[in-house]
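Reassemble the complex: the two chains are provided individually, in unrelated frames, and hints are given to aid placement.
Sequence lines, in order, name chains A and B.
Take the first sequence: its letter number 180 is residue 180 in this note's numbering, and every next letter is one higher.
Take the second sequence: its letter number 40 is residue 40 in this note's numbering, and every next letter is one higher.
Be a bit skeptical, because a hint or two may be false.
[Said to hold, decoys possible] With a straight-line Cα cutoff of 25 angstroms, these simulated DSS-like cross-link-like pairs (lysine-lysine) come out:
no. : chain 1 : residue 1 : chain 2 : residue 2
1   : A       : Lys-115   : B       : Lys-160
2   : A       : Lys-187   : B       : Lys-291
3   : B       : Lys-48    : B       : Lys-14
[Stated by the list, open to error] Some chain A residues well away from chain B (every beta-carbon gap over 10 angstroms; in silico):
no. : residue
4   : Ile-107
5   : Pro-365
6   : Lys-517
Hints listed in this document are in silico derivations from the structure and should not be mistaken for laboratory results.
Note that CB positions come from ideal geometry on N, CA and C, so glycine has one too.
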Amino acid sequence: MREPAVPDSNGKQPRAGTGRPGLAAFRRAAQISSFSLLAFIIWNTKYPPGSFINPDFLFKLDPFVMLSASIAERVLLPGLALSAATLAVTAMFGRIFCGFICPLGAIMDFTSWIKKLVFKRPASEPEPSPFRHLKYIPLAAVMAAALFGHQFSWMIDPVTIFVRSFSMNVHPLANGAIDRSMEGLIKLSGYNESIDALYNAMRESILSQSSPSFPHSGTILAVFLAVLVLVFVKRRLWCRYLCPLGALLAIFARKTPYARTAEGCRENCRACRNDCRMNAIRGDGSYLPEECVLCFDCIGTCPWQKTSFGFRLPGPRAEKMTGGGTTMTRNRFLASASTLAICLMDCRAFAGAPEGLLRPPSSLPEEKFLNRCIRCGNCMKVCPTNFIHPADLSSGLSGIWSPRLNTAIGYCEYNCDLCGRVCPTGAIEAFLPATKWKKKIGMAEIDKSLCLPWAKGENCIVCEEHCPVPEKAVKLNKKTAGGVRLYLPRIDADLCIGCAICEFKCPVKPKKAVIIKPVGSRK
Amino acid sequence: MGKHIARKYTINRKGFISKSLGLIAAFLFLDHDRMKLNAAEEKLQPRKKRNIKTDADLAAATGENPSISTRRAVAALGGMPRFVKRGDVVVIKPNIGWDRAPQYAATTNPDVVEALVRMCVESGARTVKVFDNTCNSAAMCYRNSGIEAAVKRAGGSVIKMAKWKYIPGNFPAGSPMEDWPVYRDAVECDCFINVPVAKHHSLTGLTLSIKNLMGVCGGTRGMMHIGIDKKLVALAGFINPDLTVIDAYRVLLRHGPSGGSMDDVELKKTVIASRDPVLADAYAARLMNRKPGEIGHIRLGSENGLGSMDLSSARIKKINA
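Just chain B, same shape as in the assembly (with noise of 0.2 angstroms):
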């Protein structure tokens, strides 16, 4: 009786192995499309923006190092400490759109997003996440535009973004992103900061912060170009980024948004601070000698209420750095 048990309960060579071999054909025939549905019924809600008193509204600073001028620009806003608290789960969001080398102005300058990364690990951040929807492959825009290796250095990670973890965002009834994707990490976190390049861009006029914001959704990108200005508004409005840090230290005026001669690259050696998008993005504008209103995106962003476009009654710091 009991060896009649035993043997029940044993497993031999064989039954292990058309054990194991059964287990996994049922793994790999796994109902992959009720996974998907679970997925669906998530929807990601906007991320708030916190409510942080800054020194002044705007900091410009202007210097031949783009890393220091990065710490006196955030500085002059009160420094980073009132961005990142201790233990936060902080997202830095530059421009890694393109496979081009740092000096084309087609990427955000490495030094700018170290700089950044570095303060925030000063700050106390538990978690420094580094990421773009690239354009190029992911792993050649990372690489080539200096920035994985410059966040490694910094202590940051770097996230080349998995498809399926962009999840329909939950936008307002009829606004023009209703259910349009988004990265879940770039919603999941305490503290956004914004991190563009200044740079040409056929449709938009100019490409800055507010529509620096493209990298974190999936969808077709081509489709969001159809009314663009509308989309990048109600995106910005739900992201919310808590800093933006435009990098002018090398601008790209023509054949933008991915260069790639020398000949389009100027050099403005400054970098540019501030908690409203739309003003950083107006200032920015007339960095690069364009009127704020005659960008789409700017001129709605002010008029929805996003942020103010008015330079002339702005509290603005120019520093030298």
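Same shape as in the complex, but just chain A (with noise of 0.2 angstroms):
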């Protein structure tokens, strides 16, 4: 429970949350604004290009995720330039990209302000409780592994987790749902003129044209959930203990030039303590610079108007006011750090690299790709044809949400090129169509037990009418039978690029009569 305030020397009673708001309201204004913006970035990267703004920046501006692909896979990625901006920031104002830009901290927030609507509990908050050390041990051990050349970050960075779910869970449900009702709104309507152009208008801007639908994106959403389900433990807790960018950020904002002064405190007041989201505040007015995100609320809960942030220079008075103090020794740190480094690198070893899978035209070779993969979903989000889907557990546990392409849903389109576009660190490498044309992603087979001319004497020629390829990789055998002419289809190995439209458009079923199969050389 929360003590109650102590009143003045004047015997005058204080009231909590009468200090100036202007700072926390423009974080919750600024907070706001840039989730609704990065939640409509995500959303509008479609087709056409230059229709979206580029969603790989988010990830650019994560350091945690760009230093360790970096690391692991031993390259300056383009990245790292945005990255050390964020880490600039961070130096100099403390972990403000915890709590104004990130994404995944802001819906925490969102979510523990309903909470706080529904049950109506004071918050209260105990002293800065040791388990903040927990964040640096996932942090420590992502780069031990990056070290040994293994990337790890995708399981547990917090910009990814969100926007992973945004694209495969969220952004689907919501187009669904919109898409839905209209068409029950017109059929109501009996197909109502005004409304069938709003919802031909809505189609070439916010929906997309055909509902995208990612069946193994389950694993994906529970993740996601269960990080928000801490918030109804503690307020922002995934942020407090677990969270590796906020670690390594952390590291970076231990002494900054600006930061929160709360001079001449009340004995046991501890409003500001009490009310402080990331547990950063001591009952005795100082804090924790590192667990700091500059949400402001502080200065606004502060009965006495004490409380208020500012440049200052560093100094005996800062030393007072920060402190330090680890109850975690190195021996426990470097044992947790070392095994789950080890547990990491144990369960790529274990599982191995996926095999057999079909992976988006001009990525890097398997091993490659699979370390410079963040699993962030943005070349899924983007594909056309839903062609792109996470890989489920049965690739592995190395190769789960990695990108792999799904014959049964999607084709790759001949002349587009929008997964090398969005793809934050490089796994699928920038291309052109051009160079894409000149790439196998597969190799299409026909099955002549299934295939109507073949199996059934029935024409059908569907497989060759699609074939993008100029010279047509799908050649027609013309046979004359019983005073019909057959046509044929068989596949031309030299210039099959395996876009897969043949597979998807071929009308046999359940079982399609030809099939992509991955080649050799993207071993």
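Structure representation (structure tokens):
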């Protein structure tokens, strides 16, 4: 329970929440607008190119992902420059990324706001918990694994967790719901012309023309919800104790010139400590700048209007105000971090690289691809034919959520280069359609026991007419039988690029008569 | 007492949130199947062709500018106002089937489509809808064929077809197309103008106006290919286009219907217009050095009374545009 605030020396009763809410309101506005903007950018990531803001910048801003991918792959990824900017801002102002930009943080704040509205329990926090040191363990483990050449940041990076789920779960559900309700509305209105025109305009702008679906995205939603549920234990529990990106930023935020001051605190007041979502404030009014996400709530909470933020010179006062103190011993930290790193690398060693998966065009060779890919789902979101899907557990723990091609749902558009454009780490190298035409995604194979002309003597040619290669990789053998000319398809292995339109359009069901098989050169 | 009632009917924040969440949840799990069932009862009736007298049975305009040729060819039949009345809902059905640039002749020439949309708007059409069920992604086909931009310039509306708007057509019993899903907008219109591009097709020999109508159908395209000629003629009799304009400015001679190489494209610089789809197809077939009788669906269309493939007895106007 919150202790009652102590009266002033003049006997005046303090009133909580009377401080100027200016900065907190600014933070809230910034958080809402950056979240909405991000959601809009991801929602709108679709054909045609040039009509959307490339969402790769979000991951390039994320130093945890960029550093671990760069270290694991021993390359200087172009995203490192933006990440360095994030770190520089953090060293100046503190974990402003967590408080202002992080979409997962924003949605957690929103959830805890709802929770507060519903349960109306006054917030109460203890002294800064030593659990806060836990988050350095996943950070150290992922970085250690990166040193050994394995990238695992995709498992626990907050930005990735949010964006992946937004693209795979939220967007398809919301898009489908809007589409369905418009369908119902139009039918109910007896195909009213103006509603129909509105629907058409919506399909030209906010709605996907064909509703995307991701059948194997349940685990993605589960991870996202699991992180959100933690909010019901403690506000921002993930950010306080678990987030590796937060840990990395915290290292840079230990001594920031821009900091909080609370001078002349009343004894046993603790209003700001109880209200701190990050559990960063001590009972005496001092705080841990590396834990603070600059939500600025403490300014408004202070009953005495004694809390402020500003630039200050480092010196003894700074030391006093911010303080340190670690309860985790070096031994414990090293032991747990190295154990986790070994576990992570082991899961790859045991599961091995997934085999037999089709990867997006212009993907790096399999081993490098898995390492470089952060499973952000940008390529899956942008693909105009819903061809790219997250791999499920059947491709091994190390391959989960990595992009695979699902020929039952889509195919690769001949003139499209979008997946290469939105990949933040270059796991799918940026390419021009003309270079894609020379690379094989896979190779078509006709099953003559199923193919209509081969097996039943019925003309079809659907694979041939859809083949986008100008010289046609599906050739037709002509045979005249019983006065009817029969066209029998075969694959020209030199021309076929494995775009899979033939498999997708093949009318034979349920097993298609032409199937794309992976080619050896990707290994 | 009064206080009690007021309390009963006011909503607090908690109630508001939980109720709206409940509503959203109920909405999401709405019984979608029932909605589908209602749609299944509805069947599209065949389109009636308008009874229009034209000055010629067929007009073919040849010239450097496809837009001018289109205008001349339609004018030779008596002009667009004969086909499109004030306040009409017009459907123009070009071939937008493939994600190819216009010069590959896999899709209808955008200039021809633009000229037609303009003529319809000038004749007082209320709405001019342009659509096609594409083989590649609709957004890519509409954009890269140049047709989207052309239609917007001319004041028409580009429609990307929605899956749920394909409704089973009430074809005659025993027709090979029985209950085949057809796009609602294609039938619910006052005037239907079919604007194919003339090109090679590996199954039907050529793809012209009758084959172009496949783009108003849903269902599995591949299944349509089984016994395709009969199906196409049944479909043409269902849609009954009022006007057929064949773009033979550039024609695709090989590797159709999708093409993709300039070696397969030939300039014919001709635009053909006719009320009779079979006659228009027969003329275009001969232009491409094929005998109309060799093309299955043209012969069948002529036999079934869809139109006439007899070019020698038709009143044909040839124009140098």
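Against the structure, the hints:
| no. | hint | result |
| --- | --- | --- |
| 1 | A:Lys-115 - B:Lys-160 | violated, 42 angstroms |
| 2 | A:Lys-187 - B:Lys-291 | violated, 46 angstroms |
| 3 | B:Lys-48 - B:Lys-14 | violated, 58 angstroms |
| 4 | Ile-107 | holds, 16 angstroms |
| 5 | Pro-365 | holds, 29 angstroms |
| 6 | Lys-517 | holds, 21 angstroms |
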